[in-house]
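Let the sequences and hints guide you as you build the complete structure.
Protein chains in written order, with my numbering: chain V, 1 to 378; chain D, 379 to 698; chain W, 699 to 848.
Read the hints as simulated data drawn from the structure, not as lab findings.
Among the clues, some could well be false.
Stated by the list, open to error - Calculated pairs, BS3-like style, for lysine-lysine (alpha carbon to alpha carbon, straight line, at most 25 Å):
#1 D:K514 to V:K194
#2 V:K213 to D:K552
#3 V:K192 to V:K244
#4 D:K552 to D:K698
#5 W:K778 to V:K61
#6 V:K96 to W:K772
#7 W:K835 to W:K784
#8 V:K149 to D:K552
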Amino acid sequence: MEDSLSAQSMKKDIYTEEFLINMGPQHPSTHGVLSLECRLDGEIVMDCTPHLGYLHRSMEKIAENRTYTQFIPFTDRLDYVASINNNLGYCMTVEKLLKMEVPERAQYIRVIMAELNRIASHLIGIGAFAQDLGAFATPLFYGFRDREKILEIFDEICGNRLTYNYIRIGGVQSDFPEGLDKKINEFIKYMKLKIDDYDQLLTNNAILLARSKNIGCLSKEVAINYSITGPNLRASGIRRDIRKDAPYLVYDRFEFDVPLGANGDAWDRYKVRVEEIRQSLRIVEQAIHALPPGNPTSKANRIHKPQAGEVYVRTENPRGELGFYIVSDGSATPYRLKIRGPSFSNLAVLPELVKGLKIADIICILGSLDIVLGEIDR
Amino acid sequence: MFTFLNLIFMVMAGVMVLGFIAVSAMFLIWWERKVSAHIQNRYGPMRVGWHGALQSVADVIKLLLKEDIRPTKADAWVWWLAPFFAVVPSVMAFVVIPFSKELIPRDLNIGVLYIMAITSVCVIGIFMAGWGSNNKYSLLGGMRAAAQIISYELPLILSMITVVMVANSLSMQKIVEAQSRCWFIFHPNLALAGLIYIIAATAEVNRTPFDIPEAESELVAGFHTEYSGMKFAMFFLGEYTNVFIVSAIATTLFLGGWKGPLLPPIAWFLIKTYGIITFLMWVRWTFPRLRVDQLMGFAWKFLTPVSFLNLAIVGLLLLK
Amino acid sequence: MRPSEIFDLIKAEFPEVRAEEGTDAVVCPKEDLLKLCRWLKNGSLGFDDLHCVTAIDRKERIDLVHIFYSTSQKHILTLKIYLDAKDPSVESLAPIWRSADWFERETYDLFGITFLHHPDPRRILNPYDWKDYPLRKDYANPNFIPKPRL
Chain V
1 MEDSLSAQSM
11 KKDIYTEEFL
21 INMGPQHPST
31 HGVLSLECRL
41 DGEIVMDCTP
51 HLGYLHRSME
61 KIAENRTYTQ
71 FIPFTDRLDY
81 VASINNNLGY
91 CMTVEKLLKM
101 EVPERAQYIR
111 VIMAELNRIA
121 SHLIGIGAFA
131 QDLGAFATPL
141 FYGFRDREKI
151 LEIFDEICGN
161 RLTYNYIRIG
171 GVQSDFPEGL
181 DKKINEFIKY
191 MKLKIDDYDQ
201 LLTNNAILLA
211 RSKNIGCLSK
221 EVAINYSITG
231 PNLRASGIRR
241 DIRKDAPYLV
251 YDRFEFDVPL
261 GANGDAWDRY
271 KVRVEEIRQS
281 LRIVEQAIHA
291 LPPGNPTSKA
301 NRIHKPQAGE
311 VYVRTENPRG
321 ELGFYIVSDG
331 SATPYRLKIR
341 GPSFSNLAVL
351 PELVKGLKIA
361 DIICILGSLD
371 IVLGEIDR
Chain D
379 MFTFLNLIFM
389 VMAGVMVLGF
399 IAVSAMFLIW
409 WERKVSAHIQ
419 NRYGPMRVGW
429 HGALQSVADV
439 IKLLLKEDIR
449 PTKADAWVWW
459 LAPFFAVVPS
469 VMAFVVIPFS
479 KELIPRDLNI
489 GVLYIMAITS
499 VCVIGIFMAG
509 WGSNNKYSLL
519 GGMRAAAQII
529 SYELPLILSM
539 ITVVMVANSL
549 SMQKIVEAQS
559 RCWFIFHPNL
569 ALAGLIYIIA
579 ATAEVNRTPF
589 DIPEAESELV
599 AGFHTEYSGM
609 KFAMFFLGEY
619 TNVFIVSAIA
629 TTLFLGGWKG
639 PLLPPIAWFL
649 IKTYGIITFL
659 MWVRWTFPRL
669 RVDQLMGFAW
679 KFLTPVSFLN
689 LAIVGLLLLK
Chain W
699 MRPSEIFDLI
709 KAEFPEVRAE
719 EGTDAVVCPK
729 EDLLKLCRWL
739 KNGSLGFDDL
749 HCVTAIDRKE
759 RIDLVHIFYS
769 TSQKHILTLK
779 IYLDAKDPSV
789 ESLAPIWRSA
799 DWFERETYDL
809 FGITFLHHPD
819 PRRILNPYDW
829 KDYPLRKDYA
839 NPNFIPKPRL
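Shown next as structure tokens:
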């Protein structure tokens, strides 16, 4: 017994100790206020526990005290980089509850706006991903530069640059101003050139490949089991896009591909986003050419009193499938409103992915999952 | 012989070096901000002076006036001494940097050896900062810095030795003289050594793609997370002085030092040195960062064997 | 596949299951949940994705809502379980679908539904020491700013 004790203490002369670090809530690359409690053995991550809720505003409770129209601005604050897509998801849910028809021009405008916002969101996504890999600020600023062009277009349409509150129940806030289609066409031409720049700067950069290839591989089964959606799921090679599977609005009238990844690693997730920008540009281009005449603004009342019932509507957000589940009791306010934010389940997989990797890989994987905390915490 | 005149000369040289370091670091900080800004579609500092030229001065005044905060749990002595250990070696390296034929504090006959020895001390300062801060992020940064700088010392020194072999001298001035006809970077035996040197030097001064000790996106600021005010400024000064030193050595060893037509020697020296620094900045603001294990693998599995091989081949060619 | 067809298939296998009036949801007794879910996932319907878990507070009872999606067959199913509002507890689905882990934590956090055999039964959005369940209809806002005493 004594022998084994001394052997143990001999062994323990040189030993390493696990230690705990708190990444966040104040940390440059946790994409908002997320706290990751990491157990480390030197540089290697033994365990990682996310703590959420720093941005929790209880949106769902607020919704129960607001009329259907009043809640639209709140949806802007969910995924604040893709506000239009949130507006769209919410308004489509209420429209389904009300069994309301939307003018055709409004549907086209919605598609254009949603796709432009998808581009803007992906630009931030890939910029922030490169920033997380240590390409200090340059790709991020390039992303912001190109996003700025989109924001200028949005500014002209609805007067806002981040929280648009543009899509309304039964239509949109206002028609396109004069000469806007020309501006959007110019942007498409510009962006097509710039997206090749991103490819040159980042996509096949040897360091980026070394950092992100085969890091955080998400197999098909695990991805589905965790209910991962959007580009992160498509990067694992699963063709699942609501715009194709169950086309809403007028998506079935446009030609576009669903880019897929092969391994589901961080690089694939990045690459799928770059390709999705190209596809979104295609959709916008087709939509702007086919834009029908008419009045896209809503003629509905401000107070809606839908019949008692329940609806669940999913839309394709830049981050995945955004679902709104509304229960109505016939009054002017929702009885219950549930927001199914895609980032919520996309983040849930993080602890699984980072185990056994290096600290730098946590940041790389978190960046490649492209989460927005506003939507996770709600 | 130690005379009064000698002492005056030494003091003067010291003052000039220190003055040069301060001005150069301030210029480099402004220049880096400007270069990075223009790479990133920004203007950078624009308000203080012409195109923000006095921004660094304003920053220095701010840093001087800032409160010096020491974490309660920090290891007081280690924490306090670390910035000095980081700065002093890089200042001392200036002794053998030849700005021109005459303008060199002292042309030691073991110049290259002296530089190798003295610049290696910097890592102690960085590691002390990481350890003494008693902060986990700083510790990780300090550990990474120690591992990285020691790993890259080897290829760095091996590439410098190759130059010494060809030039047949350890003295910086003699090496410059040896390049009268052809810069060593264009010398067929030394081109590879030049490439290895610039890669290893980037890692030595902790700049992207080898900036893992600071690694903003992971470790916040690495070893100097806990430092504020003038102590932080010391690290900054040390960092930019190091950048200057490695570029000045590159100029001297590979780009013909202060030699050049028309312009005075010192102008040539500064143009070449700042040219290299600008190149390092360009690299820094373009590439992502490597991971710590990839960095070590690159040093030990690739760069060091290649530089050994290079050394052997150059040696064989010289024997012939 | 349309919701009614899915319901018919489930009904054939689990006779206790019934359709909810006015919605497309399927209501299942609490005891059958695990068995039904295993069948939903591995059976012919292929619901491999637990898409969303939430609850509705109906005052006298709480409806626990599961939404399933099948990636291969692209159909969707809403499954409801009626729970007693006084003591809402149900088996956790985390052993079958990993996504249930966080979804159920959230539902517990906001509605106070206890998930039995959940691997990590903590709150998720609210602070860990939070009292009460905010999305219950009888939730009283905590008095963060006490009224000044006059």
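Here is how each hint holds up against the structure:
Pair hint D:K514 plus V:K194 does not hold up; C-alpha atoms about 41 Å apart against a cutoff of 25 Å. A C-alpha spacing of about 48 Å is found between V:K213 and D:K552, which places the hinted pair above 25 Å, so the restraint is violated. The suggested pairing of V:K192 with V:K244 holds, with an alpha-carbon distance near 23 Å, which does not exceed 25 Å. Only pairs whose Cα atoms come within 25 Å are accepted, and D:K552 paired with D:K698 is accepted, the gap being roughly 23 Å.
Proposed proximity of W:K778 and V:K61 is supported: the alpha carbons are some 21 Å apart, at most 25 Å. For a cut-off of 25 Å, the pair hint linking V:K96 to W:K772 stands: about 20 Å separates their Cα positions. Of the pairs offered as hints, the one joining W:K835 and W:K784 holds, with about 13 Å between alpha carbons and a cut-off of 25 Å not exceeded. With a CA separation close to 57 Å, the supplied pair V:K149 and D:K552 exceeds the 25 Å bound.
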